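Chains as they are written, first to last, in the numbering used here: chain V, 137 to 274; chain P, 11 to 426.
Calculated directly from the structure, the hints in this document are not laboratory data.
Don't take each hint at face value.
To be verified - Here are a few chain V residues that sit away from chain P, every Cβ distance over 10 Å (derived from the structure):
| no. | residue |
| --- | --- |
| 1 | 143 |
| 2 | 152 |
| 3 | 187 |
| 4 | 206 |
| 5 | 213 |
| 6 | 223 |
| 7 | 229 |
| 8 | 266 |
| 9 | 273 |
Unchecked claim - Pairs of lysine to aspartate or glutamate, EDC-like flavour, derived with a Cα cap of 16 Å:
| no. | chain 1 | residue 1 | chain 2 | residue 2 |
| --- | --- | --- | --- | --- |
| 10 | P | 309 | V | 188 |
| 11 | P | 282 | V | 188 |
| 12 | P | 282 | V | 159 |
The structure presented is a predicted model; accordingly, all values stated were derived computationally and were not measured.
Just so it is clear, CB atoms sit at the ideal spot from N, CA and C, and this is done for glycine as well.
Listed below, chain by chain, are the residues.
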Amino acid sequence: MSEATSDLLLFQLGARVYAAQVDDIRRVGSVRSEQSLHAIAATVLGEPLSQERGIVVALGDAEDQTLLVDHVIGVRTVAVEDLRSLPAFAAACLRSEAITGFAMVDDSPLLLVDLSTLIREHLRQGAAATAEKRATDA
Amino acid sequence: MPERDASKARAKGAGSRVRYRNGALGSETRLVADALRAFGQGEHGTRIDLGSIRDPGLKEIAEAYNAASQRVQSAVSEAAGRVEAVSQGVDEAIEAMVRLVVQGDLSGSLRLGVSDAALTPLIAGIGQVMETLKRFVTEIREAALQLSSSSAEVLAAATQNESSTSQQASAIHETTATMEELKGASHQIAENAQMVASIAEQTLTATRQGEGSIRAFMESMAKVRKNAGEVDDAISKLSRRVERIGTVVEVIDEIADRSDLLALNAALEGAKAGEAGRGFSIVAAEMRRLAENVMESTKEIKNLITEIREATHAAKEAADSNKREAGEGEKLGGAAMTSVNGILSGTQETSDAARVIHLATQQQRTATEQVVQSMAEIEEVTRQAQSGSRQATGAASELTKLAERLAELVKRFKVD
Numbered sequence: 137m138s139e140a141t142s143d144l145l146l147f148q149l150g151a152r153v154y155a156a157q158v159d160d161i162r163r164v165g166s167v168r169s170e171q172s173l174h175a176i177a178a179t180v181l182g183e184p185l186s187q188e189r190g191i192v193v194a195l196g197d198a199e200d201q202t203l204l205v206d207h208v209i210g211v212r213t214v215a216v217e218d219l220r221s222l223p224a225f226a227a228a229c230l231r232s233e234a235i236t237g238f239a240m241v242d243d244s245p246l247l248l249v250d251l252s253t254l255i256r257e258h259l260r261q262g263a264a265a266t267a268e269k270r271a272t273d274a
Numbered sequence: 011m012p013e014r015d016a017s018k019a020r021a022k023g024a025g026s027r028v029r030y031r032n033g034a035l036g037s038e039t040r041l042v043a044d045a046l047r048a049f050g051q052g053e054h055g056t057r058i059d060l061g062s063i064r065d066p067g068l069k070e071i072a073e074a075y076n077a078a079s080q081r082v083q084s085a086v087s088e089a090a091g092r093v094e095a096v097s098q099g100v101d102e103a104i105e106a107m108v109r110l111v112v113q114g115d116l117s118g119s120l121r122l123g124v125s126d127a128a129l130t131p132l133i134a135g136i137g138q139v140m141e142t143l144k145r146f147v148t149e150i151r152e153a154a155l156q157l158s159s160s161s162a163e164v165l166a167a168a169t170q171n172e173s174s175t176s177q178q179a180s181a182i183h184e185t186t187a188t189m190e191e192l193k194g195a196s197h198q199i200a201e202n203a204q205m206v207a208s209i210a211e212q213t214l215t216a217t218r219q220g221e222g223s224i225r226a227f228m229e230s231m232a233k234v235r236k237n238a239g240e241v242d243d244a245i246s247k248l249s250r251r252v253e254r255i256g257t258v259v260e261v262i263d264e265i266a267d268r269s270d271l272l273a274l275n276a277a278l279e280g281a282k283a284g285e286a287g288r289g290f291s292i293v294a295a296e297m298r299r300l301a302e303n304v305m306e307s308t309k310e311i312k313n314l315i316t317e318i319r320e321a322t323h324a325a326k327e328a329a330d331s332n333k334r335e336a337g338e339g340e341k342l343g344g345a346a347m348t349s350v351n352g353i354l355s356g357t358q359e360t361s362d363a364a365r366v367i368h369l370a371t372q373q374q375r376t377a378t379e380q381v382v383q384s385m386a387e388i389e390e391v392t393r394q395a396q397s398g399s400r401q402a403t404g405a406a407s408e409l410t411k412l413a414e415r416l417a418e419l420v421k422r423f424k425v426d
C-alpha cells in the first residue's frame, strides 16, 4: 500500500524557509535571466535580501508572475499527513489567505504558502494602492 | 829817673858796705837785711824802724825800703781788691749764665753788679755767647718745628705708604691667588680642549663611518625601490591573472548556477510528473548536488580570489609604500648625507679649533705660570716693602715723638 505524498518546493526568503506546492510553480529561473523589473519582491512574506532566484508562478487565468526569493532549496516529497492546516486562531490572526498551513519537513514545521494566492493578493493590493493614489491625485 | 839812678848808685855803694858790714854785720844791717828778706818772701807789710838805725846810709835805705814796701803793699792791696771785684763779676756772670741756662730765659741781657774794665771782654763774650745761644735756640726751635711738621708729614706719608703697601700686598695676594686659579683653569681648559679634540677626532671617524653607512643605506634604498617596482609589476601581473581566474570562475559559477537551475526545474518537472518522474527527479537531484558542489567550490575559489585580491591589493599598497618609503629614504639619506657632510666639516673645524685651543691654553698655562712666579716674587718684594714701610712708619713715629720732645725742650728757652 503506497503512502500518499505531496511534492513541495522549499525556498528561502529573508531568514525564513517556506514551502509551496509544486503544482503552482511553472519553473524556477535566475534573476539575471528573468524580467526582474516585473518580478515581485516584497510581499506579506517579507522582502528577499539577495534575490538570487525567481519562482515563476502560473496564475491560470492571468499572466505568469515571478516571485523573487533569496534561495530555492529544492523539491521535497512529504507525506500528506505531514501537511497540516493552520489552527483557527492563527488563521484569524494572519492578514493573508496565502498561508494555508504548515508542513513538517525533517521534523521542522514550515509555513505552506499558496503562491498563486500570494501573488493575487499582492496584485490586488497594488491595484488598490494605484487607484487610491489616482484618487488622491485627482 | 836820675833819682832812681842815684838810688841804685847809692844802693850799690851801700850794698858793698852792707856786704862788707855783713861780713861783720851789725845789728842795723841785719835789721835791714831781715826786712828785705821778708819783703822778698812776700811780707810786704814789714817796716824798718828808722829810729833804731843810726847809720845814715842804712837809714836812707831803710827809708827807701819803707817807702817802697809801703807802695808795694798799697799796690798789692789795690790789686787784690781788683782781683776780688773781677772774681765777683766772673762769679756773677757764671751764676747769671747758669741761671739763664737753667731757666732757659735768653730774652734779657747780662747785668752785673761789678763794673770792671777787666770784665768787659767777659761780659761781651757772654753776650755774644747768649746771642749765639739765642740764635741757636731760635734756629733749633724753627728747625724743631720744621722737623715736627716734616716728621708728621713723613709719618703720614709712611702710614699712607704702609696702608698702600698693605693694600698692594693684599691685592697682589689676591691677584696671585686668582692667577693660581687661572693657572688651574688653564690646565683644566687645556685638558678639556684636548679631550674635545680627541672626541672631535672620534666623532670625525664615526661620522665618516656614518657617511659610508648612509651611502650603503642609499644604495640599499635604491635596490629596495627597484625591487619594489619589480614586486609591483609582479603583483600587477598576479592581479591580472587573478582577475582572469575570477572571470573563469564567474563563467564556471554561471554554468553551475544554470546547471543548478536546470536540475531544479528538472526536479520540479519530475515532481509534477508524479511517479513517472521519480527517476528523473533523482537524476536531477544528483545533478543539482553536483552543481551545488561546483558552486560551493567556485564560492571557495571566489573567496580565495577575494583574499588574493585583498592580499595583492595590500601587497601592491605595500610595494607602493615601499617605493615611496624607499624614495623618501633616498631623499632622507641624501639629506642625511648633506647633514653628515656638514657635520664632517663642522667636526673637522671643531677638531682643528680644539687643537688650536689646546695649544693656546698650553701657552696660556705657561704664561700664567710665569705670571704666578712673577707675582710670587712681587709678593715677596711687596712683603719686604711692607716690612720696610712698617719700620719706616715706626721710625717716623719715633721721629715725630723725638721732634715733639725736641720742640718741648726748645720751648723751655725763652728768646723773645
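Outcome of the hint check:
| no. | hint | verdict |
| --- | --- | --- |
| 1 | 143 | 4 Å, violated |
| 2 | 152 | 19 Å, holds |
| 3 | 187 | 14 Å, holds |
| 4 | 206 | 14 Å, holds |
| 5 | 213 | 7 Å, violated |
| 6 | 223 | 28 Å, holds |
| 7 | 229 | 31 Å, holds |
| 8 | 266 | 33 Å, holds |
| 9 | 273 | 41 Å, holds |
| 10 | 309(P) / 188(V) | 14 Å, holds |
| 11 | 282(P) / 188(V) | 23 Å, violated |
| 12 | 282(P) / 159(V) | 6 Å, holds |
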